Structure formats: C-alpha cells, structure tokens
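Chemist: Listed below, chain by chain, are the residues.
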Amino acid sequence: MSMKLSALAMELGLEHTGADIDITGVNTLEKAGPEDLSFLVNPKYQHLLETTKAGCVLTSGPYADKAQRALISDNVYMDLAKVMNIFARPQGCLRGISELAYVHPEAQVDESATVYPFAFIGEGASVGPKTVVFAGVYVGEHTNIGANCILYPNCVIMGGLHLGDNVILQPGAVIGGDGYGYAQTPAGHMKIPQIGTVEIENDVEIGSNTAIDRAALDTTKIKRGTKIDNLVQIGHNVEIGEHCLVIGQVGIGGSTIVGNGVVLAGQVGVADNAKIGDGAMVGAQSGVAGNVEPGSKIAGTPAMKAGTFLKAASVCMPKLPELFKRVKKLEKELAILTAEAAGGDCNE
Amino acid sequence: MSMKLSALAMELGLEHTGADIDITGVNTLEKAGPEDLSFLVNPKYQHLLETTKAGCVLTSGPYADKAQRALISDNVYMDLAKVMNIFARPQGCLRGISELAYVHPEAQVDESATVYPFAFIGEGASVGPKTVVFAGVYVGEHTNIGANCILYPNCVIMGGLHLGDNVILQPGAVIGGDGYGYAQTPAGHMKIPQIGTVEIENDVEIGSNTAIDRAALDTTKIKRGTKIDNLVQIGHNVEIGEHCLVIGQVGIGGSTIVGNGVVLAGQVGVADNAKIGDGAMVGAQSGVAGNVEPGSKIAGTPAMKAGTFLKAASVCMPKLPELFKRVKKLEKELAILTAEAAGGDCNE
Amino acid sequence: MSMKLSALAMELGLEHTGADIDITGVNTLEKAGPEDLSFLVNPKYQHLLETTKAGCVLTSGPYADKAQRALISDNVYMDLAKVMNIFARPQGCLRGISELAYVHPEAQVDESATVYPFAFIGEGASVGPKTVVFAGVYVGEHTNIGANCILYPNCVIMGGLHLGDNVILQPGAVIGGDGYGYAQTPAGHMKIPQIGTVEIENDVEIGSNTAIDRAALDTTKIKRGTKIDNLVQIGHNVEIGEHCLVIGQVGIGGSTIVGNGVVLAGQVGVADNAKIGDGAMVGAQSGVAGNVEPGSKIAGTPAMKAGTFLKAASVCMPKLPELFKRVKKLEKELAILTAEAAGGDCNE
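Chains as they are written, first to last, in the working numbering: chain A, 1 to 348; chain B, 1 to 348; chain C, 1 to 348.
Here chain A stands alone, though its shape is the one from the complex (with noise of 0.2 Å):
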C-alpha cells in the first residue's frame, strides 16, 4: 500500500504542509520512518517532533509548523481513524465459505460471505453479504447476523438472536448465554429457563471474552453505536442505549437500563434493576444501585458525585486515623476545659 500525501489529503479533505511524497504506512512518532505518517494529539509529547523521523504528522494547526511536514486536521483522531482503515490490512486469510465449515443445509448464507474452517452455522440462521465468520464461531439456530459483521474466532452466538450490520465481535465473546435466574424452592435453586432473545444493533462493536446474556423472556438489548470492552458482563433483559462506551471487566445486572451516550469506567459494576440516565459518567471500579442522573458524573462505592468521591477518597481517607487523633485530642481537652470551668466557676 503506497500513496502520494496529497492524494491522501485531498481523500480527507484536509491540507498539507511540505512538498509531496508517498506514504506507505502510519506509526507512532518514535518508531515511523520517511515513508509513515505519524500523528501528535497531545501536547505532553509535542517535544517528539524535533526528533521524528516521520515522512508527514496528521496535527492540528497549532503544531504545523513544528513538523517537518504536516497534515492538518481539526480532529485528529477522527481523520487518524481515517488514515488507518486506509492503511489498514483486515485480520484474516480466507475468502468464501470453507468445506471444513458446518452449514446447516436450512441455513442461509450471503454467497459474499466468509466462512472459515470449523465454523457453526445452525438451522434456519443467516449471515448476511460480506460478513466474515472466523474459525470456531458458533451461531445457533434462527439467528441472524446483519451484513459486514466481522466475527473473530471462538464467539459464540446462541439460538434466536439478532446481530444488525457493522457489528463486530472480538474473539471469544458470548452473546445469548442464559441469564442468571432461579426460583428458590424448598429442593434448592430452581433454574427459571431464559427463553428471551439478544438483540444487537447496527455498529456495535463488543470486546474479546465479553459475555452478554440472553432475556428470561422479551430482549436484552444493546443500541446501535455502542462499544463494549474485553470481559463485559452484561445480564438478562438490560438495555444500554445507543453510543455508549462500557469499558474492560464492567459488570451490569439483570434488567438495568442504560441510556444514551453513558460512559462506565473499567471495572465498574451496576445493580439489578438500576437506570443510568443519558450522558451519564461513571468512574472506574465504582458500584452504582438505584437510578442515576443524566449528565452526571459519579464515582465510588456506592457511587456519589464524582467530585465529593475523589476529595473523601483520595484527600481524606488517608487522613482518616489522623483525624480520629484529633477527635481524640480534642476531647480530652474539651474534657479538660468543662472540668476547670466547673471547678473554677466564679459563682462558687
């Protein structure tokens, strides 16, 4: 892959500083070379431009000059991203639909997809035109998966779900597993069978070995845009709105709702039935129950405002048995001072 700066530049709508030259490849400022495009967003390693060997940096204006040769963008991650599917080579070797792949004669597979060895497909499913089903994935019966959907190795897709277009699964993710659900009974925990369904929206992308279930009855749904991490747990009949981010290990209870645009941290757990608010931010590791406001930003455990978080947790609580000291001290002196003003009282 070779291409002239302002061919680039002209396919991105953006200008270019410096004289043309070919690009073959996009890397980091310490590690591209006269032929890569590299790119500086924060300022913190603007000290790097001295000493890049990159051919051109994609940057805003204010660091243009700076660079031997510049790309100058407004949104630098935006045409970054745009560069790199450019430059980018897909995952994967095969094309069309292996002899080593399992495809239930009922099945229905777009003659423009991909299927790789020792692939599942159950009955009554369907794969949609330039889908790519890698090595080992399992789609269960009645389930059908929208167009361009890139399915990395080892997924799993139970029975009856729904996957929309764009939709890309890392690998080793688990969509429709049974729900979490028991009648206690007097014999032990009965399972209550989850005979709802998943529904996955257009453009959603969701992280290796993430694990989101299937409904008791009725749909666990995620909206279209929205981006899961690696290790995700998502429960029975949760619905996370559209354009969310929900990040590494996040754990979220049956039957929560999640509204648009809400950002969870790492490691971030949500209760059973609990309703985050659009926009909403919740910070890293933190435990959230009951509802949560639009637009607000929260942290800890149970989550408060995230600023009364960081100031408890991180400038207080190490402060903590100092100041059970001075409580102390401060009643041994107080202590004091009522037993002097007793027995020094004037009135005696």
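Careful, some of the hints might be misleading.
It does not matter which identical chain is meant; a pair holds if it fits inside one copy or across any two.
Here are the computed lysine to any residue pairs in the SDA-like style, where the Cα-Cα straight-line distance is at most 25 Å [as the list claims (entries may be wrong)]: (1) Lys221 with Asn42; (2) Lys305 with Gly61; (3) Lys305 with Lys328; (4) Lys297 with Asn273; (5) Lys191 with Thr51; (6) Lys31 with Asn260; (7) Lys305 with Pro294.
By construction, these hints were calculated from the structure, which means they are not laboratory data.
This one's a predicted model, so the numbers in the text were calculated from it and none came from an experiment.
Given the structure of chain A, go ahead and fit chains B and C onto it with the hints provided.
Modeler: Just chains B and C now, with coordinates in the frame of chain A:
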C-alpha cells in the same frame, strides 16, 4: 406448543380463575398476548394487570382478582420456572453423534448423547446419557461427564475431571485450567505443575467464560446445586458448598472454603485461604479475607458488617470533607476558649 | 511412575532422612499414602506431620525430625515444583499433526509439534518445535509461535503476533484482539483500526479467558517470565516487565507501563497511561492511576500507602458513624461551654 390452562393448572397442582383457554407461550405483562401466560411477583408492577393482554397471569392470591384470569401460586417464581420448562424449546438443532466430531476410540459416549461437529472427546473420557456436547467443546482425557448435562459451545473441560449429572456449562466456560502456582527462585517464578483435579457435583450451573482452576494437588470442588454466574474466577483447591449463588465476576483465591447456601454478590473478591461460613451473604464488590461467620451479612473492602459499611460508605463518606472542616473549626474554637480560660482565669 | 527416594534426593541435590522407599506420587499431608511424597511449608499445618501417612515429607530443616521420613530443602516450593515436574503427566492424549486440523499450505509447523483436530494455523504462521496446539486454537496469519509452547484448547492468537519459547496459554485466552480505540465524531464513535501487534516473551504464562489486546500502532508487550492469571484484561500498547505476577481479574488500561517484578493482586484496576515502578506491590481490588514508586506497597481506590489504607479502611471506616456522633457531641459541649464562658465571664 399449546396446552389448556386447566391442564397446565393440574400439572402444577394450582387453581385457576376464569374460563379455560389455550396457552401457547409465556411472556412479560407488557408483551404477552391473549394466548400467553404472564406473571406478577413484584407489587410495584401490579398496575400492569390493568393493561396486560395476557390470557392468564400466574401470581399470588392477593393479585388474582385484579387479573382477568389468574393461576394462583404460593411460589410464583418456582411455578414460573415449571411453566417455562414446559414451553421452553431447548437450544440446539442437531441430535446424535456427529461424524464431524472427534471422539477418541477409547472414549465412551452414551448412545443417547448428542455430540456436535468440532467437539473433541479425549482418550478414556466418558459422556453420560442424554448429555449434549455442543460444537467446539473440549473434553479432556479421562474426564467423566454425567447424564443430562449441557456443555454449551466452546466450553473446555480439561483432562482427569469429574462432572456429575444435570450440570450445565454456559459457552466458553473453562474447567480445569492450571491453578496459579509458582515457586520463587533466583531465576524467576518456577511453575508448580497442577496435578490435581476438579469435581463438579450434580445440578451445578456455570456461567459463560467462567474459569475454575484444577487443584495443585487434590481437588477443586463445586458442590451440588450451586449456581455460578459469568466471568467468575475460582482458584485452585477452592471448595464451594451446596446451593450457593456466586454472581458475575466474583473472584475466589486459592484454597478458600465456602460453606453451604452462601451468596457472593457481583464482583466480590475473596482472598486465598479464607473460610466463609454457611449462609453468609457478601455484598457486591466487597473484599473478603480471613474468616466470615456463618449467617453473617458483610460488605466493603475489607469487608465489615453490611449495615456498618452502608452507613460508613453511603452516609459518612460523602460528608467526610465537611467533617474535616468541622473538626478544624472545633480545634480553633477550643484553642480560643482555652486561651480565654487561661487569660480570664478568676484566680489571676 | 516410580522412583527411589534416594534417587529423587540425588536428582534434587537434597538429603533425606529415614530408610529408602519407592515414591510413586505427590499428594497433600492429609491425602498422601505410604508411597507418596508430601510437603510442609506453613508451620500452621505442622500438626499434620503426626497423622500423615505420607511415605516422605519434603520440608525445611526445623520440621524434618517431626516427620517419619523427610527430604530436607531450603526452598520447599521450588523443590516441590521440581518433584511435581517429575511426577506430573502433561495434559493431552494425541501427538503429531492431526489431519482434522486446518494448516494453511503457507504455514510452517515444526515436525515435532503437535496440532490437535479443529486447530487453525493461518497463512505464513509458524509453530516451533515441540509446541502443542490443542483443539479449537486459532493461530492467525503471520503469527510466530516459539518452541515448547502449550496453547490449550480454544485459545485465540490473532494475526501478526509473536510468542517466544515456553509460553503457556491456558484455555480460552485471547491474544491480539483489537484494542479499544475510537475517535469521537458527530456521527458517533469511529473505530480506530488497531494495526499494531503483541509480543509475548519467553517463559510467560497466561491464564484462562484472559484478554491481551493488540496495539493501536506499535506493540503490546509482556516480558519474559511474567505470569498472568485468569480473566485478566490488558489494554492496547501496555508493557508489562519481566517476572511480574498479575493475579486474577486484574484490568490494565491502554499504554500503561508496568516495571519488572511487580505484583498486582486480584481485581486490581490500573488506569491508562499509568507507570508502575519496578517491584511495586498493589493490594487486591485497588485502583491505580498515575505513577507508582518502585518498591512501594499500595492499596485502596484511589491507591495510597498500603499501611495507611489498611488503617483507614479496616480500623477507621467501621467507626465513622460513631466519629460523626463524637464530633457532634463535641460541637454541642463546646457551644455550651462557650456560652457559659461568655455568660459567666468574671468581667461581667
């Protein structure tokens, strides 16, 4: 699937109100149609009885009159589980032992079992009657799987293990990976081979992508009726008692012993070599080390009485910054008072 | 497997007490029989020396006399690891390259390697001598796997990666899934293709269902001798030093750099772009952001000195409700005293 309400009531040993109808499915109060059975447990949702189109509602006595037609139960969840077992269609679309599976010549697979394509059954392994082994499952050498088990796609059960009857492994669950054991040596961490086993008793269910390590020596044990959720980590030589509930993303360190009927809520961490008494309940995200009294309710990191934690974390924590101010004010005021007392002493 | 105690002692370079016997296995003090070797490290269990039926006990000098027969070691765990390596039977029941595997014509698999049925080896990939690739493993295109590696069932190693020698991947581990990187655009989160790689150095072990993301650009790196437990999440561009211990369910955000010999206890979360110095130890469930001094011991969220956290969280936290009462009492008493002082002022 279609069944007379009267026949369903008889099968469950329950009474119903209203005229007899055909029941063809189960759904929520909001989604149910005139041939569906629905249910009500939580009084919070009783207003839905007015608008539901459900043909019949499974509920307890007090709500029966409010539904057009009711099936009256003292344990709604239990009877719901029974009803759903009647109407649930099990996952899967194949029967019998696929020619695309690998079954070692020295393995014993019961003729009533199902083995999907790309499943692997190792030397000397056995698979009991009516057990279903989905695609991509690995059953290691000399591992015994009981009757009526369901091993969902891409589960791994390493060699030399024992699973009882009616065991369910959700997709991607890993049983018998090596425990995390290393000897410290001048040359680095030396692996201690993990030559023990795992025993999973009858009626245990294990969630998607959960990992249960084999013992270093001896046995990691999950006792009968215990239900483990998704993405749980259970270390080597752990013993979990009967009828426990271990919720999503819990982690349990090596050699810890958990009693019967224990509930560990989501994201709880238990250190190694801990002991948790029968019937104890541990709140979400708590950190447990050492011993936990039977029947106790604890929470927090490190865990304390749940009531104390709730007060300390949700009431006191947010007010800590203010408390520091109050103490500072007290100190100032007391200093002034002390100075005044000294200065204004009558004896002077 | 059977071996004379005297021969075993010679192989380990240790002395033994008592008459020579045949050793046929290793087990715990409670389970060992007269032909088993057992071991004692923790003095807490020394009473078991009186009742054990073990033929010989591997232990340190002070306890040797208390056992009927002892193998005396200065590093019991290390010698135990060596003994168990002698008696351990490796997992697996096949040898050679199965005809049921998919090996791309352009892949290089050493003839001494083992490849199980349903394993996938992509174009241009290489598998080194004596490496074992279990069933359901995916090795992506142009990925190099060194010698003596064990890739347990259903592991995924995406394309373009490098694994050194003696690397062990427990079942379901995912190496080289896409990092979590999106550009914010008016139309939603735009995926930034992750075109970097992952390098796993020699002697690294990675736990069941752990996920290690490929770099956005450049390399995610796990250095030699580091041992990573189950269900750990490691973000893109992370570097983990040599001989670290990363315990179960730890999560590490993107671009974080972890030094050598670091210990991250269970469920620790580390933010992105953090730096953890050599030899630091982070307590279980802690939350780390920013920089951590080499050799420091920290705990809590956000993390502070471990000693401070322990005092604050386990001693002070439970007494917080009481502290608030004490401060309130002080305020009342001080108010009374102040009023009295004003009222009873001698000068009045």
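Chemist: Regarding Lys305 and Lys328, is the shortest C-alpha distance of 25 Å or less found within a copy, between copies, in both, or in neither?
Modeler: between (30 Å within a copy, 24 Å between copies)
Chemist: At most 25 Å between CA atoms: does that hold for Lys191 and Thr51 within a copy, between copies, both, or neither?
Modeler: Result: close neither inside a copy nor across copies, 63 Å intra and 29 Å inter.
Chemist: Check Lys305 against Pro294 for me: Cα-Cα at most 25 Å, and say if that holds within a copy, between copies, both or neither.
Modeler: Only inside one copy: Lys305 and Pro294 sit 13 Å apart there, 32 Å across copies, limit 25 Å.
Chemist: From the Cα coordinates, with 25 Å as the cut-off, is the pair Lys297 and Asn273 best called within, between, both, or neither?
Modeler: both (20 Å within a copy, 21 Å between copies)
Chemist: Could you figure out if Lys305 and Gly61 sit no more than 25 Å apart (CA to CA) within one copy, between two copies, both or neither?
Modeler: neither (36 Å within a copy, 43 Å between copies)
Chemist: How would you label the pair Lys221, Asn42 (within, between, both, or neither) given a Cα cut-off of 25 Å?
Modeler: Only across copies: Lys221 and Asn42 sit 23 Å apart there, 36 Å inside one copy, limit 25 Å.
Chemist: I want to check one pair: Lys31 and Asn260. Are their C-alpha atoms no more than 25 Å apart within a copy, between two copies, both, or neither?
Modeler: between (38 Å within a copy, 23 Å between copies)
In summary, the numbered hints that this structure violates are 2, 5.
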